[in-house]
Amino acid sequence: MRAMNIQVNTGLSGWTQMKAAWNKNRIHYLQEALGLSIFMASACYFGAMLFSPESSWYSVIKNELIRNGLMGVSMGITALFIFYSPLTSPSGAQINPAVSIAFLRIGRMCRYDTLFFILFQMAGGTITVIIMQRLMGKLLTSAPVCSVVTIPGKYGTAVAALTELVIAFITMMMVLFTSHHRVLKNYTRIFAACLVCTWVILAGPLSGFGMNPARSFASALPAQIWTAFWIYLLMPLAGMLAAAEVFLKTSSVKQQTV
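Read left to right, the sequence shown gives residues 528 to 785 (the numbering used here).
To be clear, the hints were calculated from the coordinates, so they are not data collected in a lab. Hints are supplied without guarantee of correctness; some may be wrong.
[Stated by the list, open to error] Label-pair distances were calculated between CB atoms; the ranges are:
1. SER540 x GLY680: 40 to 46 Å
2. LYS589 x ILE657: 28 to 34 Å
3. ILE593 x LEU711: 28 to 34 Å
4. SER586 x THR777: 50 to 56 Å
5. SER779 x ILE593: 42 to 48 Å
6. PRO580 x ILE752: 16 to 22 Å
7. ARG638 x THR684: 27 to 33 Å
8. PRO732 x ALA765: 17 to 23 Å
9. SER778 x VAL686: 30 to 36 Å
10. THR684 x LEU557: 32 to 38 Å
11. ARG709 x ILE752: 43 to 49 Å
12. GLY596 x ARG638: 37 to 43 Å
13. LEU662 x TYR682: 30 to 36 Å
These figures come from a predicted structure and were not determined experimentally. All C-beta atoms, glycine included, are put in the ideal place defined by N, C-alpha and C.
All chains, full assembly: derive it from the sequences and hints.
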């Protein structure tokens, strides 16, 4: 979950700059698609196996807290793999439009790279959920799993919205400040994976743990469940942009725009 030094600057704008970005970085766009694809494949598999009453695991692991804990650990390990894998890490393994837009805000991303990152993140995640639906069938698509769609928990939309805002803000604050620290930058990806694990366990029951518009869209479209989708589109973006503003106000990093 980093901003890599992949920008290309033609000194121009519009189509010329977009074409230059595409020609130089299209492999990184594919890496972003693959990154969220891996994340969604893992979420679908472990979500179905741990939470579907028809799963063989469900009758063995009856305690919901244990199931939530196992889901958190599984997704944390998945995130760690994505962050470090040579297949996905060269792009920065952002796998989240809100992260990419926050990096754009602080001047670490080209606007056209950001656009392509977001498009490929959404495509990679959505296509993977559709494939997993075909592979796992009702185990994944039936309630309560519903293609691991993110919807508010039993405390309602207000709590879900606040949860998404807070976890997005904390996560991006960690990423920005540790990744620009001389020592801590070596551990940013580990910290991020630990937060993914933590948020799945703590935020999952409250908001479904979205924190990623592409991840939420990837489940919502195939499942055709759009309950309070605005939360998962706007709150992660608001939280991470707020973190970016705090970072810009308190750091010596200069904003640039390409």
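Here's how the hints hold up against the structure:
1. Between SER540 and GLY680 the C-beta distance comes to about 44 Å, which sits within the given range of 40 to 46 Å.
2. At roughly 31 Å, the beta carbons of LYS589 and ILE657 sit within the given window of 28 to 34 Å.
3. Take ILE593 and LEU711: their Cβ atoms lie about 32 Å apart, and the range 28 to 34 Å holds.
4. SER586 and THR777 have their C-beta atoms about 51 Å apart, which keeps the hinted 50 to 56 Å range intact.
5. As the Cβ distance of SER779 to ILE593 is approximately 46 Å, the hint placing it in 42 to 48 Å holds.
6. Distance hint check for PRO580 and ILE752: the Cβ-Cβ separation is about 19 Å, which falls inside the suggested range of 16 to 22 Å.
7. In this structure, ARG638 and THR684 meet the distance hint of 27 to 33 Å, their C-beta atoms being roughly 32 Å apart.
8. Checked against the hint of 17 to 23 Å, the C-beta distance between PRO732 and ALA765 comes to roughly 22 Å, which is consistent with it.
9. For the pair SER778 and VAL686, the supplied restraint of 30 to 36 Å holds, since their beta-carbon distance comes to about 32 Å.
10. For THR684 and LEU557, the hinted distance range of 32 to 38 Å is satisfied, since their beta carbons lie about 35 Å from each other.
11. A hinted range of 43 to 49 Å holds for the C-beta pair ARG709 and ILE752, which are about 45 Å apart.
12. As the Cβ distance of GLY596 to ARG638 is approximately 40 Å, the hint placing it in 37 to 43 Å holds.
13. In this structure, LEU662 and TYR682 meet the distance hint of 30 to 36 Å, their C-beta atoms being roughly 33 Å apart.
The structure shown violates none of the earlier numbered hints.
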